[in-house]
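Enquirer: Here the protein sequences come in this chain order: A and B.
No gaps in the numbering here: position 246 of the first sequence is 246 in our numbering, and each next residue is one more.
Position in the second sequence counted from 1, then plus 532, gives you our numbering.
Since the hints were made in silico from the structure, they are not lab data.
Note that the coordinates shown come from a computational prediction; the quantities given were computed from them, not determined experimentally.
The C-beta atom is built at its ideal place from N, Cα and C for all residues, glycine as well.
Watch out, some of these pointers could steer you wrong.
Unchecked claim - List time: in silico DSBU-like cross-link candidates among lysine-lysine, alpha-carbon distance up to 30 Å:
1. A:411 to B:815
2. A:136 to A:411
3. B:676 to A:221
4. B:615 to A:411
5. A:136 to A:94
6. A:203 to A:375
7. B:676 to A:340
8. A:116 to A:375
9. A:375 to A:484
10. B:615 to A:340
11. A:375 to A:340
12. B:681 to A:221
13. A:411 to A:221
14. B:615 to A:221
15. A:136 to A:116
16. A:394 to B:676
17. A:411 to B:681
As the list claims (entries may be wrong) - Cβ-to-Cβ under 10 Å is the rule here; a few derived chain B residues that face chain A:
18. 548
19. 549
20. 550
21. 551
22. 563
23. 575
24. 609
25. 610
26. 611
27. 663
28. 666
29. 678
30. 684
31. 692
32. 776
33. 777
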Amino acid sequence: MGDPQGYLNLVLHAHLPYVRHPEYPDFLEEDWLYEAITETYVPILDMMERLAGENVHFRLTMSLTPPLCNMLADELLMRRYRAKLEKLLELAEKEIVRARSLPSAFQETAEMYRTKFRRVRDIFDGCGGRILTRFKALQDAGLLEIITCGATHGYLPLMIHEESRRAQIRIASQDYQRHFGRPPRGIWLAECAYAPGVDRYLKENGITFSFLDSHGILFGKPRPRYGVFAPIFSQGGVGFFGRDMETAHQVWSAEQGYPGDFNYREFYRDVGYDLDYNYIRPYLHDDGVRRNIGVKYHRVTGRVALADKEPYMPHRARETAAAHAGNFLFNRERQVEYLKGVMNRPPVVTSVYDAELFGHWWFEGPDFLEFLLRKTHYDQDRVKTITPMEYLHKFPEQQIVEPEPSSWGDKGYHEVWLNASNDWIYPHLHIAAERMIRLANIHANAEGLLKRYLNQAARELLLAQSSDWAFLMTVGTARQYSEKRTRDHMGRFLDLYHRVQENRLDEGFLTNLESIDNIFPTIDYRAYQSAH
Amino acid sequence: MTSHLNAPSSGPAPRPAPPPSAGPLPRDYGVTRLVLLPRDPRWMHTYWEVAPYTWEEVRRQFGDAIDRGRSVLRLHADHGTQKQSFDVDIAIEARNWYVFSPRGDGHWHAELGLVLPDGRFVLLAISNTIRLPAGQVSDQVDEKWGVLKAEWERLFELSGGGRLGAGSLDIAKMLAQRWELMRGISSFSGIPTSPGGASWGRPPVRHKGFWLVADCEVVVYGATEPDATVTFQGRPVTLNPDGTFSFRFAFPDGEQAFPIQATNHDGDLSRFIEFKVQRQTRKGQE
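Given these sequences and hints, build the entire structure.
Expert: Set out below in structure tokens:
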């Protein structure tokens, strides 16, 4: 087989904020993780392992952010997840019985859930609950490129201290090494947000590639010769791949995007609301409020009310996913062919999606990906999947362009994270960063209890910096929770700071915080020291 | 490899106590500072705190004249060969302000100060320096990586030039749109419309030859005790944790009233402020 005419650089950004509440027996927001494991992370892992087992050629890039890796490696959360999964399996068994008196479509769907949940259980148990090890194996086999992200998905353009930005990268890099046994080669900047100078810290940590939204490249200086269809190098020597908007809109668009197809599963119609309360009560949270459980029997159907949704038919949904994958690939072939006319090298089309779109929001998303990768391998030879690293090796010479400061948020810049709903957080975040840097500089080589205090202060600052909180304040969902998290971590930071300043190092207080906000067990606060 | 599932110490670890609630975050940190943040090619955000020591210092230097001073933000832009400065009138008690930038790109910093009746500028704080995004295609062309103009324009178009931003918020939007479709309700509050409905984000329509596009918005802001209840135009307002609030609106022609009512926590004291504003737009050619 000769060289293809172009490349598809498929990137999935897997991230959830660090939510872990050992101080409560049952915590609603921890469901974000549990749902994503069952619906997204394990199905995608399963798909990749299946393709690898059949020698289907594919390349995929995935960011597994440090908060996500820390949660997936956390004993308490994984134990809680396993218990949740057990309940879900129990419900699936009951549903088989209940569906016997329902039309056959319901029976087929009930079977599907039981099969899926059992599969998730087998994979999860098969690796002792350590699913990162399975992702690592795929990376070690050269099929998957795992990239990192800012330590807590911090929004770098709205940090005003260089040390603060650098620490997000350095701590992420160190944490990556702990999970994957080597340093990261690439990074997803949180919210795809770029600020001038960030490339320096990437380079310092041996990171050679990252991504920008399309205008981050298109508005760069000088004009990028190949648009978004070849990477550029920043002055700091980092390769940046620009997001292709055509593939973005094909999947995202509310009107024409694939996930809205009438045959796909309806997200909003869930047994948590539909079934008899006494039947469903054991599967709800302790407060007994009806919520989504993740078992759904209806399809999008059309522009109709929830009550008028028609039954979901798994085989038909799969056929639709296959058809969409075929359409997606066909469009890439045309795109690559067309680009050949204006480029003197094979273009690379970079398609970036939130991983949680696949499986959680778009139930058939993992099927779509599997069909897409299979068809790319079997049905044609114009387009091949590639990782950014492979592309940079093949085409080492790139144009040097200064990227435009930008993000992938609404309107393309920083407004989602800086508006009247969330601008109040920055005076606190910035003062905390300034104080953290001061502490790190004063206590150049702390030991013992003081060192633990400083490490915990760094954790609290990092947790408060997650861009998720500002995002949720803007979107208005989980707003109270995200405000509380910001206040809690800032309050805890200030408390730690004052105790250090006043030399009141009480161990009990610290130990309690360490057991609650336990992200980054091997953190080193000296990441905040100023460069000399 | 140990397993999460069969942890050697069977039985759950003792549950840590919830840390005592720290209460509200401080309103002041006792330091004078001015911080400038980029929002997009046209807007910057600033916030500030002026500590008592700074007020004492300037009063020592300038005396009671500072009580008659007008508070301003003095913006400085450095566009390489061109430099630019201008003042924006502000209310110092607001503690933060969104500043419109007449052009994107360049390096910016700000000074917070008072303009005295005799024109002297009393400096209170200087900000950090930021770079604003350009918001447009660069006119710099790379000789080594030359390309025909027509070819570049095609690449730009194929790259999705102009179609910006489809990220996490779009999942939220996509789902919200479907939700609204199904429920046929308009009051779904989970997902915002674009805050303030500002018009700057849409590219101006290009007319032939000379053109001018302008619009204005209203910013209403204020502060009260953090535990007070506030209504704006009769509707309840969620206060920021430090008791401040602000809104931005599109401002069509006509008169609008903005009544604000605050009631204290005990419900026995209230304060009322109302603004009436009028807009009248004239357009023409000369």
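Enquirer: A separate judgement is required for each hint: does it hold in the structure or not?
Expert: Each hint tested on the structure:
no.	hint	in the structure
1	A:411 to B:815	holds, 28 Å
2	A:136 to A:411	violated, 36 Å
3	B:676 to A:221	holds, 14 Å
4	B:615 to A:411	holds, 27 Å
5	A:136 to A:94	violated, 36 Å
6	A:203 to A:375	violated, 36 Å
7	B:676 to A:340	holds, 20 Å
8	A:116 to A:375	holds, 23 Å
9	A:375 to A:484	violated, 47 Å
10	B:615 to A:340	violated, 43 Å
11	A:375 to A:340	holds, 22 Å
12	B:681 to A:221	holds, 16 Å
13	A:411 to A:221	holds, 20 Å
14	B:615 to A:221	holds, 20 Å
15	A:136 to A:116	holds, 23 Å
16	A:394 to B:676	holds, 20 Å
17	A:411 to B:681	holds, 27 Å
18	548	holds, 4 Å
19	549	holds, 6 Å
20	550	holds, 4 Å
21	551	holds, 6 Å
22	563	holds, 8 Å
23	575	holds, 8 Å
24	609	violated, 15 Å
25	610	violated, 14 Å
26	611	violated, 13 Å
27	663	holds, 5 Å
28	666	holds, 5 Å
29	678	holds, 8 Å
30	684	holds, 7 Å
31	692	holds, 3 Å
32	776	holds, 7 Å
33	777	holds, 8 Å
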